[in-house]
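Using the hints, position chains B and C against chain A.
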Amino acid sequence: MAGMVEKRLEELGITLPTPAAPIATYVGFVQTGSLLFVSGQLCLADGRLVAKGQLGAAVSIEDGQAAARACAINLFAQVKAALGDLDRVVRVVRLNGFINSTSSFVDGPKVMNGASDLVVDVFGEKGRHTRTTVGVAVLPNDAAVEVDGIFEVA
Amino acid sequence: MAGMVEKRLEELGITLPTPAAPIATYVGFVQTGSLLFVSGQLCLADGRLVAKGQLGAAVSIEDGQAAARACAINLFAQVKAALGDLDRVVRVVRLNGFINSTSSFVDGPKVMNGASDLVVDVFGEKGRHTRTTVGVAVLPNDAAVEVDGIFEVA
Amino acid sequence: MAGMVEKRLEELGITLPTPAAPIATYVGFVQTGSLLFVSGQLCLADGRLVAKGQLGAAVSIEDGQAAARACAINLFAQVKAALGDLDRVVRVVRLNGFINSTSSFVDGPKVMNGASDLVVDVFGEKGRHTRTTVGVAVLPNDAAVEVDGIFEVA
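Top line first, the protein sequences correspond to chains A, B and C.
Per the working numbering, the first sequence runs over residues 1 to 154.
Per the working numbering, the second sequence runs over residues 1001 to 1154.
Per the working numbering, the third sequence runs over residues 2001 to 2154.
Pulled out of the complex, with its shape left as it was, chain A reads as follows (with noise of 0.2 angstroms):
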């Protein structure tokens, strides 16, 4: 029976993905007392990068908002996969947003409100987050946007 936070995802169209199983030997998640981090997610969507390369070159802020947003919902189903419910999450504490970017692209928030914006619909005034948003030289697999977050959990 699905919660609130699951209720706004069908509402909004998005199917959680099975979360992406690390090709290493680290882990999606791990629960330390109330805080649930989780690795950092690539713009994967049906196992296919969403938007591949660098902001300022190949991929414009456009493309680069649907790879964060892609991101922010690889996260919503690492954090499923870790409590059950959503609706456990008690506040979105950190997201960590980096941007394979030109060293002249100076528009990474713009880029990062992709998963931010989502975040706070899905969740609501629990998901208001502390983020960090850098421009990174090059991303795994050429990703254009890797986000990773830390969330408090009942």
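Since the hints were made in silico from the structure, they are not lab data.
Please note that the accuracy of each hint is not assured.
[What the hints assert, rightly or not] Computed list of lysine to any residue pairs in SDA-like fashion (alpha-carbon distance at most 20 angstroms, straight line): (1) C:Lys2126 x A:Phe29; (2) B:Lys1110 x C:Leu2044; (3) A:Lys80 x A:Arg8; (4) B:Lys1007 x B:Gly1084; (5) A:Lys80 x A:Val27; (6) A:Lys110 x B:Lys1126; (7) B:Lys1110 x C:Lys2126; (8) A:Lys80 x A:Thr18; (9) B:Lys1126 x B:Lys1052; (10) C:Lys2052 x B:Lys1052; (11) A:Lys52 x C:Val2106.
[Stated by the list, open to error] Computed footprint of chain C on chain B, listed as stretches where at least three residues anywhere in the stretch have a Cβ under 8 angstroms from a Cβ of chain C: (12) 1012-1021; (13) 1030-1037; (14) 1109-1122; (15) 1128-1142.
Note that this is a predicted model, so its numbers are computed, not measured.
Beta carbons: idealized from backbone N, C-alpha and C, even for Gly.
The following block gives chains B and C in isolation, referenced to the frame of chain A:
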């Protein structure tokens, strides 16, 4: 009535700015248990970037240090907004320093000392923090430095 | 008397170095509650960088993996200095891996496995951690890899 930490800021001639209002759906700080997470702070003072562009190119080490110091002041402003009194900080736990750098600029730690030294000057022994300094391709608005932080609070 | 984790290090022929003394006003570790934060560790061994420069240019994947492994050993040294006994680690919660990369080097995760694999080899199941791997423009002293970490401790 100002506490010890704010007295020290006064001695240093530092007036805390109104904390930057996040432009998007994220917030400046979130407290979870005894941990206060603060969003990445750019090197803004009086609404302008203290230093713009890359270390190793347009920005000198000295200007980078002034920029890192400004980030620290903006962190203090967020902590003040969160706690009311900076004396409620039990320990500065972590600073992450992101230095807008050409790929040949290897002195990020010297730049980041502009933040670290002020934090310890202001908070004393409880200001001794862990930190990670990396050189990134670009930062929002082409800021020279961005710093985020985690604080233990009473 | 060595604990289980240190016995495993011994079997692997790994001697923990004296943890790098921070050059500035920051420190190698801070414990807050049950969380131990460790500062970013460069790929140093015997006071020299294991690999210097960028992945995708001067540094091969194999050398990058050795560099990431050295970062992990330096993290262990900090944890040992903090706790006295590595067996007091309950869980490795998070590793952040920063890979000094050209903008075309997309195999950061392979490099970071040099750290992740050793952590799991040494700590077993409690070594299974979340992680975020990004490719950065440059690192302090032109180190090829930097890794920081968060540990849950008893």
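Verification of the supplied hints:
For the proposed pair Lys2126 of chain C and Phe29 of chain A, the alpha carbon gap of about 13 angstroms is at most 20 angstroms, so the pair holds. For the hint linking Lys1110 of chain B to Leu2044 of chain C, the alpha-carbon distance of about 18 angstroms falls within 20 angstroms, and the restraint holds. Taking the CA atoms of Lys80 of chain A and Arg8 of chain A, the gap is about 14 angstroms. The hint holds against a cut of 20 angstroms. A threshold of 20 angstroms between alpha carbons decides the hint, and for Lys1007 of chain B with Gly1084 of chain B the separation of about 14 angstroms falls inside it, so the pair holds.
A C-alpha spacing of about 14 angstroms is found between Lys80 of chain A and Val27 of chain A, which places the hinted pair at or below 20 angstroms, so the restraint holds. Note on Lys110 of chain A and Lys1126 of chain B: the hinted pairing is violated, with a Cα-Cα distance of about 36 angstroms set against a maximum of 20 angstroms. Taken as a hint, the Lys1110 of chain B and Lys2126 of chain C pair is broken in the structure, with Cα atoms around 36 angstroms apart against an allowance of 20 angstroms. For the hint pairing Lys80 of chain A with Thr18 of chain A, the CA-to-CA distance comes to about 10 angstroms; that is within 20 angstroms, so the pair holds.
Only pairs whose Cα atoms come within 20 angstroms are accepted, and Lys1126 of chain B paired with Lys1052 of chain B is rejected, the gap being roughly 31 angstroms. For the given pair, Lys2052 of chain C sits about 28 angstroms from Lys1052 of chain B by alpha-carbon distance, which is inconsistent with the 20 angstroms threshold. Straight-line distance between C-alpha atoms of Lys52 of chain A and Val2106 of chain C comes to about 11 angstroms, which keeps the hinted pair within the 20 angstroms bound. Residues of the region 1012-1021 of chain B with a Cβ under 8 angstroms from some Cβ of chain C number 0, which does not satisfy the need for three, so the listed coverage is violated.
Beta-carbon proximity to chain C at under 8 angstroms applies to 3 residues in the region 1030-1037 of chain B; the threshold of 3 is reached and the given coverage holds. Counting residues of the region 1109-1122 of chain B whose beta carbon lies closer than 8 angstroms to any beta carbon of chain C gives 7, which reaches the threshold of three, so the coverage claim holds. Note: the region 1128-1142 of chain B has 10 residues with beta-carbon separation from chain C under 8 angstroms; the three-residue rule is met and the coverage holds.
Hints 6, 7, 9, 10 and 12 from the earlier list are contradicted by this structure; the remaining hints agree with it.
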